[in-house]
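Enquirer: Heads up: the protein sequence lines correspond to chains A and B, in order. Every letter in the first sequence is one number past the one before it in numbering that gives the first Met the number 0, and letter 235, counting from 1, is 234. Every letter in the second sequence is one number past the one before it in numbering that gives the first Met the number 0, and letter 200, counting from 1, is 199.
Among these hints, one or two may not hold up.
Facing chain A, according to a computed beta carbon distance under 8 Å, are these residues of chain B, among others [claimed, not checked]:
(1) 319
(2) 321
(3) 325
(4) 326
(5) 329
(6) 330
(7) 334
(8) 387
(9) 388
(10) 391
(11) 392
(12) 476
In case anyone wonders, no lab produced these hints; they're calculated from the structure. Ideal placement from N, C-alpha and C gives every residue a C-beta, glycine not left out.
2 protein chains.
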Amino acid sequence: MKNKVQLIAYIDRFGKKGIAEFHAFLSDHLKDHFEGGIHLLPFYNTIDGADAGYDPKDHTQVDPRLGDWEDIKKLSDEFDLMADLIVNHISSDSREFQDVKMHGHNSQYFDLFLTKEKVFPKGASESLIKKIYRPRPNLPFTTIKVGQDEEYDFWTTFTSDQIDIDVLHQKGSAYISQILKTFSLNGIKSIRLDAAGYAIKKPETSCFMIPETYDFIGEFSSKARAMGIDVLVEIHTHYKHQIEIASKVDYVYDFALPPLILHTIAKKSGTQLKNWLEISPRNCVTVLDTHDGIGIVDIAKQDDNPGLLSDEEVDYLVESIHKNSNNTSRIASGEGGSNLDIYQVNCSFYEALGKNSTHYLIARAIQFFCPGIPQVYYGGFLAAANDLKLLGTTKVGRDINRPYLEFDEVLQMLESSVVKDLSKLIKFRNTHPSFGGNFSVLPTSDDQIKLRWDLNDEWSELNIDLLKSNFEINYSMQEVESLLIF
Amino acid sequence: MKNKVQLIAYIDRFGKKGIAEFHAFLSDHLKDHFEGGIHLLPFYNTIDGADAGYDPKDHTQVDPRLGDWEDIKKLSDEFDLMADLIVNHISSDSREFQDVKMHGHNSQYFDLFLTKEKVFPKGASESLIKKIYRPRPNLPFTTIKVGQDEEYDFWTTFTSDQIDIDVLHQKGSAYISQILKTFSLNGIKSIRLDAAGYAIKKPETSCFMIPETYDFIGEFSSKARAMGIDVLVEIHTHYKHQIEIASKVDYVYDFALPPLILHTIAKKSGTQLKNWLEISPRNCVTVLDTHDGIGIVDIAKQDDNPGLLSDEEVDYLVESIHKNSNNTSRIASGEGGSNLDIYQVNCSFYEALGKNSTHYLIARAIQFFCPGIPQVYYGGFLAAANDLKLLGTTKVGRDINRPYLEFDEVLQMLESSVVKDLSKLIKFRNTHPSFGGNFSVLPTSDDQIKLRWDLNDEWSELNIDLLKSNFEINYSMQEVESLLIF
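Let the sequences and hints guide you as you build the complete structure.
Expert: What follows is the structure in structure tokens.
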């Protein structure tokens with residue numbers, strides 16, 4: 000991956016057209032912005048299942064309403080592309096599961112799917128089930144009648160429409176290989192491995208990020224690397240696990256960064272952020288916002304392991320988001336609102352900062368100065384507000400930050416002063432050579448932050464005064480030294 | 000009931016204290032406002048079950064956190080009181096149902112409750128079940144294990160924690176009599192018969208407002224009347240049924256009025272409202288807002304019967320509420336948000352009008368000039384906004400319009416200009432003698448409304464110009480003729 004800013008977008012929500020139109024728009028208007036490429040959110044058949052594309056019926060087919068693989072290939076000629084590989088599950092409407100429904104255990108696809116019995120051949124006691132780590136407050140099984148009077152408890156980690164795949168079975172492995180091969184043939188350069196932490200189930204364990212999961216991710220990464228594809232592993236977990244995972248894979252997300260930045264701005268205190276930057280993984284992708292909510296497990300304590308923030312600080316942070324968003328994030332988060340992950344706060348990042356443009360630019364400046372390849376979600380790029388209309392229509396909590404925008408609306412949003420200032424920051428991050436060098440956190444008081452990059456004679460420095468809520472960026476220029484002030 | 004303005008309030012949400020403090024506050028500050036008395040929302044044991052007091056554990060006991068019957072009796076010395084009688088169901092935590100859980104069909108309370116088998120002794124086919132009219136998109140039964148390995152499908156019209164009562168059985172009848180007697184002994188002058196439309200179940204019917212339901216309500220009303228208690232029947236239904244029900248009971252709600260007023264203001268068109276006032280029941284209680292949402296079935300078509308508004312007008316109305324409330328009502332309404340009734344829009348009335356004070360005062364003026372005894376919900380009286388914080392915490396859609404307010408907050412809200420103007424209107428409605436006389440809708444163009452009351456030489460007239468969004472009230476005074484302009 001290039002060390003430049005990437006866009007994260009749904010093709011059908013950013014412009015509401017197909018791949019070709021999306022391509023033309025980016026080419027015409029945003030080529031200088033997203034030199035790092037694009038993380039395309041799921042575009043497989045179909046994009047409108049139970050989980051906005053994350054429950055494909057056919058992972059190797061482009062949703063025909065968007066276009067085809069030829070369009071993806073053309074887009075990849077101009078932008079480096081990252082795509083999601085969903086290893087954990089597949090839609091219950093998939094051809095494969097429909098075949099199981101018809102033929103039961105005689106289906107050729109029966110072993111593609113995971114049942115409770117396969118994991119617990121001797122039966123599962125309540126205490127065994129309770130050990131399983133859950134993103135949702137219910138059981139991970141759905142009883143489904145298949146074939147001639149057969150009935151199985153299928154593993155359904157997320158929703159009952161998403162049937163978990165037995166990734167350790169040869170059928171599961173072949174399924175994943177087929178997707179990788181399709182990606183490789185069609186110009187996909189990196190993969191985001193979705194919900195990988197849940198892929199491996201084993202009795203007596205939490206079934207989440209157990210040693211066997213690391214092995215699985217490692218093997219998967221080798222397979223991908225052999226095809227010239229990078230792997231970004233998506234896992235929300237305690238920060239120590241994230242550091243451990245980072246040591247074993249190509250890239251992880253720095254999911255601690257978004258809540259820590261919110262904490263820094265809300266409390267006008269930079270100490271916890273600076274502490275994190277001393278130990279955070281360097282082989283990371285940074286985000287402030289994604290199509291999911293703002294992660295809380297990533298900075299909270301887990302059992303006896305302290306988190307990056309104390310319980311009180313976490314509470315204060317979550318309450319400050321709710322307050323800044325006029326409580327709309329409270330409605331969209333937690334139990335209710337069809338939330339797949341109750342440990343996330345659903346809110347646009349701009350609203351999480353109370354639509355304060357200076358705070359928002361400070362947050363983005365911190366992101367761009369932190370180690371890692373910066374990704375910017377289309378909603379955040381356009382400083383979108385919470386989409387109460389969509390939330391009200393779908394009742395899906397995460398839709399509060401997944402707006403459908405016509406290209407006309409996008410063009411209008413590009414004209415706002417906060418987006419213009421953010422664009423300046425993005426272009427600076429893309430072009431200044433210092434970001435290829437060494438990173439340092441300069442010593443400052445709690446209410447100041449100074450982040451610096453050095454590459455030979457080139458340097459750049461971000462100075463933030465949290466009390467005064469302002470920041471400046473100083474940097475070397477080939478001819479003169481200059482100053483960018485917001 | 001007196002023909003004066005009544006307050007509707009939860010004791011625990013209006014002031015957040017007990018009955019005695021509630022009493023003292025009303026006595027000190029609002030005695031001139033609510034000369035008609037108070038409809039006390041459920042104050043039984045307990046007020047915080049699955050449905051904000053509408054699922055009592057013991058209907059004949061005051062929740063001890065609020066006080067006791069002695070406090071209610073004292074309050075009734077100063078204000079006429081209306082209380083809810085919940086005939087359809089009782090909490091699954093009630094002593095009675097707990098006894099059934101313990102002893103199964105041997106419990107002395109077994110026949111107090113309705114099971115599927117009692118209604119469908121020969122079994123219920125899917126086509127029979129589909130005939131049942133539902134306020135929610137699911138089945139009206141909950142399978143519960145009781146006694147020694149017994150299992151029954153109990154009727155649960157609303158939530159699975161609210162077990163329906165067999166009102167036709169002697170046990171059910173005795174249960175209701177006991178409540179009536181308690182009310183009568185403690186100064187309750189009127190009863191609001193909650194969800195009465197669902198009380199009678201019969202195979203091959205919709206189990207909603209069937210002829211047997213009318214009989215039941217009639218018999219219940221006679222029983223109450225014999226104890227000196229008026230009955231207000233709460234039913235949301237097609238306007239023609241409402242007119243039919245009105246002819247058989249003491250009082251009904253004019254539930255068509257709130258959506259028609261919103262339509263009138265949104266479309267600047269008074270024709271439909273004036274048409275309704277030609278045929279609307281006169282023995283009614285008027286409301287704009289209640290603890291429930293804004294009813295839509297009351298003005299919509301039903302099967303082949305046209306409604307008071309066309310489908311397009313209903314859509315426009317609902318969309319205008321969502322737009323005025325910045326889509327917060329969309330989030331709180333429909334399927335999702337634990338809504339008990341998907342045919343209602345959950346929104347404060349003030350927000351349904353976009354917090355436009357003039358529009359709000361026009362709406363109240365129309366209410367007060369329409370036939371019927373006007374009730375004002377505490378949220379509407381205080382021009383409360385949608386409570387996104389409470390909604391976000393509880394995820395109960397109707398909580399958007401059920402704020403918890405300290406007395407200090409109430410006092411502050413009383414100082415706002417819109418509440419001061421509303422108070423003027425309320426006092427005018429309470430004191431002008433014309434409202435005891437004859438009502439007429441004067442002929443005007445579509446964008447004007449003129450409502451008039453005459454009693455001997457006393458008269459009052461409301462003139463509204465919908466295009467200019469203004470209104471005036473002219474009225475006779477004992478000495479001089481005067482003008483009240485907003």
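Enquirer: So, for every hint listed, does it hold in this structure?
Expert: Hints versus structure:
The interface hint given for residue 319(B) is broken, as the beta carbon of that residue sits about 13 Å from the closest beta carbon of chain A, more than 8 Å. A hinted interface residue such as residue 321(B) counts as satisfied when its beta carbon comes closer than 8 Å to some beta carbon of chain A; here the least separation is about 7 Å, so the hint holds. This hint holds: residue 325(B) has a C-beta 6 Å from the nearest C-beta of chain A, less than the 8 Å allowed. Because the smallest distance between the Cβ of residue 326(B) and any Cβ of chain A comes to about 4 Å, under 8 Å, the interface hint for this residue holds.
At its closest, the beta carbon of residue 329(B) sits 2 Å from a beta carbon of chain A; the interface hint therefore holds under the 8 Å criterion. Checking residue 330(B) against chain A by beta carbon gives a least distance of about 4 Å; that is within 8 Å, so the hint holds. The beta carbon of residue 334(B) is positioned within 8 Å of a beta carbon in chain A (closest approach about 7 Å), and the interface hint is therefore held. For residue 387(B), the interface hint holds, since its Cβ comes within 8 Å of a Cβ in chain A; the closest pair sits about 4 Å apart.
Of the supplied interface hints, the one on residue 388(B) holds, with its beta-carbon coming within about 4 Å of a beta-carbon of chain A, less than 8 Å. A least Cβ separation of about 3 Å between residue 391(B) and chain A falls short of the 8 Å threshold, and the interface hint therefore holds. This hint holds: residue 392(B) has a C-beta 7 Å from the nearest C-beta of chain A, less than the 8 Å allowed. Of the supplied interface hints, the one on residue 476(B) is violated, with its beta-carbon coming no nearer than about 46 Å to a beta-carbon of chain A, more than 8 Å.
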